[in-house]
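Listed here are the chains, written in short residue letters.
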Amino acid sequence: MRWLPEVPPDRTRPVTEKRLHSEAETVAFAEEFAHTLKPGDVVAMHGDLGAGKSVFCRAVMRALGVKDEAMPSPTFAIIQEYEGKDCRVAHMDWYRLTGGDELDAIGVRDYMQPPWICLIEWPGRAPELLDASTRHVKLACVDDDLEVRRVEVLTTWPKQA
Amino acid sequence: MIRLFREEGSSLFVLAIESSCDETAVAIYQGELINGRGRIVAERVASQIATHAPFGGVVPEIASREHLAALPPMVDALLGEADLAWQGLDAIAVTAGPGLMGALLVGVSYAKAAGMAHGIPVIPVHHMEGHLLAPGITGDLPAFPFITLLVSGGHTMLVRVDGIGQYHVIGQTLDDAAGECFDKSARLLGLAYPGGPEISRLAAFGDAARFDLPRPMLNKDNLNFSFSGLKTAVMYTVRNAGNLTKDMRCDLAASIEIAVVDVLVKKSLCACHQENVTHLVVAGGVAANRHLRRQLEGEAAGREITVHLPDLRYCTDNAAMIAYAAFQYCWSDIHGPVDWDANPRWRLVDINKS
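So the sequences go chain by chain: V and U. Residue numbers are given in our numbering: position 102 of the first sequence equals residue 102, and the series is strictly consecutive. Residue numbers are given in our numbering: position 291 of the second sequence equals residue 291, and the series is strictly consecutive.
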């Protein structure tokens, strides 16, 4: 008989959870996280305006080998494309959209397979486009210190996205 | 190909269609072939800001659906107003990029179809090129070379303009655009969309000295911008304040505006100095900011730099600038690409390559 765990793993619990004390620590954490990514991976970024989603994404992209000095915000353009080392990176912001139909129409699914690594801010606009293999990163401010961020890496949608 | 008869009284009529983002705009420009000047004969803009307001931003597919519905009746009405038939047009200009694919395609498909049906050449125009040349619509374009500060919700860049179709980006934002910084700060302050004008409106009642916000990149030895950190500083200020009173909102709006304007003004003047250029054009939606206009004119005067500001209505997206740019191509005998299509990521440096 095969060995089975007594309690099935709780997929809603964060895989990693950490308190980041400065932007430098956020960047270091993002770099470490980037090394776990491979082409075809999709990362959903959760957090309020100013929580550090873009700082995190830029650090991930640098770690993936993107050399561009300017990494303009995708808020206006929806998708910014980059060349990384052995991969391409799509940095998206779905804030200005209302649903999957609209995203489908602009060809978002093309970016969810190799050679792309896809980083998505405001993924809650079209959750139906993300499958179970999506990695979720949640960043949040904490009450007692302005500079500090709490980061969680999950394999499912965070409870309060 | 358009044949030019450069004599007194002969002119070209250019119909332009701009549908790259918020607005569906159409315009007809009459350009004189003797001197390259001209005038807008008729124009119409259908803004979708009211439609988008509930979402706090532009929604691309809604945008393209709106463009699709708005365009044909707008062109018909425009031709009527100008008292022109299709046969009276010499060229159709259309924004071919950059922008949202769905929205661009509506304008480009319409322009190509109309051009084919009526036998009129179609000229693709780069959206930003329209902004760069906008002062020429109602006035004279400054002598080349000049520097343009292009500043809007999607872009913040300094461009050296050496001639029609000759553009070099000499500085740009590394993260957020200036207009985006206004919009996101407005969201943090709980203000209505679009946030830029709202910040400006509140700033008029505020004390800019109350909050000391950072001036990102001001001391860096280059012409690049960065506004993401300013937004974060605004968030910290809002969190520290707890409940924002009306006075605090106005003071913070004024502090945000002065911080952004300070950086834009200093970098623009620095660009003129570095490139040894004495004419500065300011274009894009943020060029409508009164504080920016005032401060630029004040500081440039002492440095023998002439500031050129397009009419306020030609600072935001419009079709007149697209018509004007296309006319400048015709008049300068510069031929655009023969084989082209809507290109959402068309780069300014690639204008003459395709």
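Just so you know, these hints were derived from the structure itself, not from any lab. The C-beta atom is built at its ideal place from N, Cα and C for all residues, glycine as well. Keep in mind that a hint or two might mislead.
As the list claims (entries may be wrong) - Here chain V is said to cover these stretches of chain U; the calculated rule only asks that three of the stretch's residues, wherever they fall, bring their Cβ under 8 angstroms from a Cβ of chain V: (1) 138–144; (2) 195–205; (3) 250–258.
What the hints assert, rightly or not - Each pair of labels, with its calculated beta carbon distance range: (4) P114(V) to N276(U): 45 to 53 angstroms; (5) S133(V) to R345(U): 53 to 61 angstroms; (6) K85(V) to E275(U): 30 to 38 angstroms; (7) A140(V) to G36(U): 52 to 60 angstroms; (8) T138(U) to P114(V): 45 to 53 angstroms; (9) G163(U) to D143(V): 29 to 37 angstroms.
Do the hints match the structure? See the list:
1. Residues of the region 138–144 of chain U lying with their CB closer than 8 angstroms to a CB of chain V number 0, which falls below the three-residue condition for coverage.
2. Restraint check on the region 195–205 of chain U versus chain V: 0 residues with Cβ-Cβ distances below 8 angstroms, three needed, restraint violated.
3. As drawn, the region 250–258 of chain U meets chain V at 0 residues by the rule of a beta-carbon pair under 8 angstroms; below three, the given contact is violated.
4. Range check, P114(V) to N276(U): about 48 angstroms between beta-carbon atoms, so the 45 to 53 angstroms window is met.
5. As the Cβ distance of S133(V) to R345(U) is approximately 28 angstroms, the hint placing it in 53 to 61 angstroms is violated.
6. Distance hint check for K85(V) and E275(U): the Cβ-Cβ separation is about 35 angstroms, which falls inside the suggested range of 30 to 38 angstroms.
7. At roughly 57 angstroms, the beta-carbon separation of A140(V) and G36(U) lies within the given 52 to 60 angstroms, and the hint holds.
8. Between T138(U) and P114(V) the beta carbons are some 51 angstroms apart, a value that agrees with the proposed interval 45 to 53 angstroms.
9. Distance hint for G163(U) and D143(V): a CB-CB separation of about 57 angstroms, inconsistent with the stated range 29 to 37 angstroms.
Violated hints, listed in ascending order, are 1, 2, 3, 5 and 9; each of the other numbered hints is respected by the structure.
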